[in-house]
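Sequences listed follow chains A and B, in order.
First residue of the first sequence? That's 15 in our numbering, and the numbers climb one at a time after it.
First residue of the second sequence? That's 72 in our numbering, and the numbers climb one at a time after it.
In short, the hints are calculated from the structure, not lab data.
Please note that a few of the clues may not be correct.
Claimed, not checked - So the derived list for chain A, only partly shown, Cβ under 8 Å to chain B, looks like this: (1) 80; (2) 81; (3) 85; (4) 88; (5) 207; (6) 236; (7) 237; (8) 271; (9) 272; (10) 279; (11) 282; (12) 283; (13) 307; (14) 310.
As the list claims (entries may be wrong) - Straight-line distance between alpha carbons at most 27 Å, and here's what the computed DSS-like set of lysine-lysine pairs gives: (15) A:96 - B:127; (16) A:36 - A:24; (17) B:126 - A:38.
Note that the Cβ used here is the ideal one computed from N, Cα and C, for glycine as well.
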Amino acid sequence: MLGIGIWFNKKVKSNKDYFIAKGKLGPATIGFSFSATQMSGSTYMGAVGAERLLGYNLIPSSIASASAPWFAYILVGDRMRKVANRVKSITVADIFEARYYSKYVGLTSTIIMLIAFIPMIAAQFKAAGNTFEVLIGLPYWMGLIVFGGVVIFYTILGGMLAVAWNDLINGIFMIVGFAILTPIAVKAAGGFAGMHQQYAQINPNGISLTGIMPTIWVLSAFVVWGFFQIGGSPSCVTRFLIPEDDKTLKTALVYSIGVQSFVYLTSAMIAISGAVLTPNLERSDLTVPVMISQLFPPLIGAIIIAAIIAAMMSTIDSILLVTSSLVVENIYISFIGKTTDRKKGLKIARYVTFLIGLLGLIVAIKPPAAILWIVTMSFSLMAAAFTFPLLLGLWWPRATKEGGLAGMIGGSISSIFWYVVGYMKYNTFDNWVWGIWPALFGAFISLVLVVIVSKLTSPPPNDVIDIFFDDIIVRK
Amino acid sequence: MPFVSITLMIIFLIGGMLVILIKWPQGPANLDWGIWILAYFGYAYIIAASLFYVKKGK
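Just need the whole structure built from these sequences, with the hints factored in.
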């Protein structure tokens, strides 16, 4: 990992190279990077643990998560790529700024993303420190420093080039890890049919698509984890700004959908077999590590543990880089420094990446409870704020800056409101009124606001229409 | 606009929700047919739909 950072250090010549490596990555690196960013270490730990408890009630979420690249690449990917080439975008906030012809729309999207991302960096570091503690036996603080140090170092040196290539390697590790674990675990649990027969006895409601969780929760999860990744994962959709041509992006989709389908399909089988093989396990998130210790010799176990750590790295490096890009491009360069010097921009980018990484590490030593609450809400916050302003901004010429701004602010506030209403009723942020996900509630309000406010305000100027919709609108 | 892909997405979303809502008879390997359709054949559907878009661009 460090070697990749050092290798790409000399190839990075400007802040644009550093943040998006424009035109310098092929389809495999873009596709794997999109997927490895979306699937964190939690895919191996927390998600497998949850699937073990909820069984097939959680499977609609899994297949929805696997379908996320299909929605994202087709609905926003190709148009973002075209527009990014025209307006020289480096961040998703640049796309918002250009489409909604207002620096303040760009700034609003930046602030919402920073509110979600900065605590997420600390939380990801914390999860990594805990994982090192459990899997390798390192003290928490030492795991934090080793993991954080490696990720921050290679991200500072190589920027997006290092991040994407590391994501490719980490993605291959993830596939190899699950490819080794799945057949052996299923066989040890009594084969495919036998495993399900035993699981039905342990968890009778988990052997159908509903039963443990309310039906509306399962339905909401099915919609949220696929379609709403468009807005909920800006660190993933940033990958659409990298390629210069259509073919690279389309081929990248093949990699992303293949990787994610494989990982989510096999993770379900691992979770079910894990429940059968380790029925008395108290901490469900330790299903995979315990199975590894039971089923494999240390060398193979080490490969799978490396895959778990690799998955964590792939998520955090992307969030770190996208957070730095927002601070540098959409706050510092847009409002404070206004530098066009490429070398100075690169220097600032590296300093900011270091400072944000360091801040994340310091907060991760003992994160306050509020940070963990924000992390719980961050996906819904961004999905509600950005999905429809981005989608309609790219496909509906009539969307105006007032509509976009109302959609972002209204969507984010509504999703938080829905969390608070749920908290007041159930005393937890994990249960929501009628089982409706806050992302869904907030996004609905956002959609209504974008459409109504846009209809009530003046249409966008012609130069914006020309840049964004020259292939849709033919002027007389 | 990729109308065919958008249609396939709508079929996936609405069809998937119907599969979740319907009570299905028992199928092979101790799983009901709803699980087979959504949790196993569903992956084949999204992969095939993605490949269709990559080939045809529609």
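Right, here's what the structure says about each hint:
1. 80: holds, 6 Å
2. 81: holds, 5 Å
3. 85: holds, 6 Å
4. 88: holds, 5 Å
5. 207: With Cβ-Cβ at 4 Å, under 8 Å, it holds.
6. 236: holds, 6 Å
7. 237: holds, 6 Å
8. 271: holds, 4 Å
9. 272: holds, 7 Å
10. 279: holds, 5 Å
11. 282: holds, 7 Å
12. 283: violated, 10 Å
13. 307: violated, 28 Å
14. 310: Violated: closest Cβ of chain B sits about 25 Å from residue 310 (chain A), beyond 8 Å.
15. A:96 - B:127: Holds, because 18 Å separates the two Cα atoms, which is no more than 27 Å.
16. A:36 - A:24: Measuring from Cα to Cα gives roughly 16 Å; hence the hint holds.
17. B:126 - A:38: holds, 24 Å
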